[in-house]
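Colleague: Single-letter residue listing:
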Amino acid sequence: MSIEEFNDAIKNKLFGDYELKEDVDHYGNSNSWIVLHDKRDMEVVAKAVKSFKGRCVVATGYLNEMDGTHTVIYHFDINGMIMNAQINTNDKTVISITPILRSADWAERELREMYDVEPVGHPTKDRLFLDYSIAKGVLNEYISLSKIQMGVSDTDVLWSQVNKGVKV
Amino acid sequence: MSEKIEIGPFHTELEESVYFKLEVDEHRMVEKVEIINGFIHRGMESLVTKKNFMQNLILTERVCSLCSNNHPMTYAMAVEKISGITIPLRAEALRVVADEVKRVASDMFNLSMLTHIAHTHELMKDTMNTREHMQDLKEVIWGNRMDMSSNLLTGTKYDLDDRKVKIILDTLDTVEPKIRDLKERYENDEELKTKTVGVGVLPLEDALEIGVTGPVARGSGINNDVRVMAPYGLYAYRPELQPNVTLSLRKEGDVHARAMARFGDILEAVRIIRDVVADMPEGDTYVDKRPHIPAGEAVVRTEAPRGELIYYLKTDGSQKPVRMRWKVPTFTNWEALKVMILGDKVDNVTMILNSIDPCISCTDR
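Chain order of the listed sequences is C and S.
For any residue, its number in my numbering is found by taking its place in the first sequence, counting from 1, and adding 7.
For any residue, its number in my numbering is found by taking its place in the second sequence, counting from 1, and adding 7.
One chain only, chain C, in its complex shape (with noise of 0.2 Å):
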């Protein structure tokens, strides 16, 4: 598997433009990326590392504080080889690829979770990690330990419990 293979699976399918470099590490390991601008285009990036039984190891997200987009890597492997496709996102969402790769699936939902992004079409709305109490997108702001003693809630849901208890 080359990167040249992977551009001719995926160059006449894409929506928008895309820039793809390849970065060997000296150990000698293909280390690519490939840059999208349209969010159609990793379904087509998903469908090709399916079709070279290749899996998704991974997914990064995270915050752009600049501008308040949203940056998502997927980071795959075919046969050895890391493929990161990059997408950006302004509006919190992505179209999810578990349907077309099952290994997205946590990297997905954590996805949701951690910072909000939903990645639509996923077929499991259920939480992964966090509790239903604390609010979606945790990782894009920060959190004080005092505050996360409370729960990181945007209810008073533990301090209501305690005054309960508190005769004044």
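There are no misleading hints in this set.
Now the stretches of chain S that chain C is said to cover, found in silico as 3 or more residues with beta-carbon under 8 Å: (1) 210 to 222; (2) 232 to 240; (3) 308 to 321; (4) 335 to 344.
No farther apart than 20 Å at their CA atoms in a straight line, the calculated lysine-lysine pairs in the PhoX-like style are these: (5) Lys39(S) / Lys345(S); (6) Lys28(C) / Lys18(C); (7) Lys345(S) / Lys132(C); (8) Lys28(S) / Lys132(C); (9) Lys18(C) / Lys54(C); (10) Lys190(S) / Lys200(S); (11) Lys132(C) / Lys39(S); (12) Lys46(C) / Lys57(C); (13) Lys99(C) / Lys143(C).
These aren't lab readings, by the way, just hints derived from the structure by calculation.
All of these numbers come straight from a predicted model, not from anything done at the bench.
Ideal Cβ positions, reconstructed from N, Cα and C, are used throughout, including at glycine.
Given the coordinates of chain C, work out where chain S should sit on it, guided by the hints.
Modeller: Showing chain S alone in chain C's frame:
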């Protein structure tokens, strides 16, 4: 008539906190499984962006105890990649030694837990006693039985002299025959086989689709060992060190196969340690210059005892990461539990869970 059964989040047969909600039929076969995670979520990916690069070396070692060497090593590799640093060959060798020693100890702990849950106590006792030699070795060489603190951002903090190499080789001489004996017993022990063969089966197709890694993958016949598929460190420079994965591959996909895959990994780790210390490269153990970490991003991965560990690091030229993300093997192996548990007996649930060698601390972060 179905019955609802809940296991966890705290239970004597669970190594760490996880919560199973099961529905079982009149024969106590699991019809529906729901797994709830997050009890050990510490927000570590947020925390690392508040610490500088040196502090994060300490912090990543505390993501988990059993694979505590892999986290700082993989993190250090990501920093080194962004900094354009090539560490000395001797440091690469020392990293492999530390890593493989941890692999033996970690895998043997999992096997001990398996026999504990299977109530084959003699096997459990002997496995734990054998592992104790590796724990003692860690204490002698690195000064700690769990967190070895062997990595620096440009190499390793420790070195080996002839005296220490002899201690390592003497320990391996002691444990290797014991491990081979244990492997034979695990392979043939009727009581253990009754409880593990055909239990918690993960078929090859599901394993491929879910993307499992490590001994869980090898137990279902998949070789995606990073040391072989994308070799790094000394595994890249000296391909003869790469593990012979065929010794670990099994096709049955059950609890027993995953245990035997670990024995393959352990014996190959012993062989790798011997080979490395027999031909230690000369030179420094680290680059004697504080690394300049420019803006950049890197994705690196290693093979932890439980499988593939991947780190993503983004920097902006400051002293702290902009974003750091890691994915541990359990993160993907976890989803396979639903395949393994469904249709099996409820009595086997904790054993099946143990068979993926779950690291909840790593997974929840």
